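Kindly generate the complete structure, drawing on both the sequences and the hints.
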Amino acid sequence: MLSLASFLPFSVHAAADPLRIDASTLVTAIEQHHQTAVVLDARSEALYQQDHIPGALNFPVNWTYAHKKTNGQVIEPNQAQALFRKLGLDIQTPVIIYDDGALVDAARLFWTLEVYGLQKVKVLSTGYDYWTNKGYPTTDRVPFATPSNYIAEVKHQRLATKFSTLLATKNPNDLIIDARPLPAYLGEQSSAKRFGHIPTAISIPASHNLKLENHMASFQPVNELEKVYSDIPKNKKVIIYCAIGRISATNYFALRELGYDVANYDASWKQWGNDLALPIVNPSFSKENGN
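According to the numbering used here, the sequence shown is numbered sequentially starting from 206.
Keep in mind that the hints were calculated from the coordinates and are not lab data. The reader is advised that the hints may include incorrect statements.
Computed list of lysine-lysine pairs in DSS-like fashion (alpha-carbon distance at most 30 Å, straight line) [said to hold, decoys possible]: (1) K375 to K439; (2) K439 to K367; (3) K360 to K375.
For clarity, every value in this text was computed on a predicted model and none was experimentally measured.
Here it is, written out as structure tokens:
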């Protein structure tokens with residue numbers, strides 16, 4: 206059993222994909238015992254207990270939510286501090302995250318760690334389903350993590366609130382992206398009481414960040430992501446939202462790879478769409494009224 210979670214040298218990454226790592230590179234490092242990064246499994250505790258990547262520690266994505274049934278607000282600093290210390294994480298700890306393969310949960314955990322100041326976080330470009338499909342090693346052994354002395358500090362440039370998002374609707378230097386499926390943006394469906402989208406927001410669905418091959422997801426290559434976001438000026442402050450700050454985390458990850466100044470609005474539409482004091486635009490309503 207490893208004394209700490211699995212590690213990997215970050216120097217092996219291609220400069221074009223600085224925030225991701227492929228499975229073949231990770232498995233080689235594990236087999237050759239060249240571990241230098243904590244590996245975090247974002248799947249549920251039950252799935253983790255069945256089997257996982259050797260040396261991985263469990264950080265279920267549900268632990269990133271303060272009240273998931275209400276909206277997507279991220280855990281409070283005291284909760285984050287307790288979790289990070291338990292898992293041996295600190296701001297300079299190299300981390301690699303994986304999930305089942307949808308990559309949404311891995312991206313949400315990636316964003317959460319960045320909100321709380323971790324500076325060396327990467328995502329496995331394919332998930333656990335791909336890992337097992339390739340026949341790579343797995344284990345049910347739970348490694349021991351040496352607790353850290355992490356002190357929680359929120360990086361507000363990575364976390365948007367309803368107040369900062371409201372200000373962004375009136376600031377030409379800010380840009381808001383709606384990561385929900387297009388029908389939600391158009392006001393045809395909603396996870397909240399109201400339908401539509403945040404004023405000035407443009408639609409770039411989260412699905413545009415991913416590609417499917419043999420029914421398995423992976424992040425689009427960086428050159429493809431550049432095409433997806435080609436109309437977004439690099440000098441803009443970008444705010445992303447979805448329903449609960451979950452799928453929007455894939456947009457956050459993509460924009461971080463591309464070098465944008467980006468924040469994820471964690472409470473997202475579940476908060477905004479239910480707050481009658483906040484403005485909305487409903488294209489579907491306008492169409493029905495002949496406007």
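**Study point:** Index of numbered hints that the structure contradicts, given in increasing order
**Key:** Going through the list in order, the structure violates no hint and respects every one.
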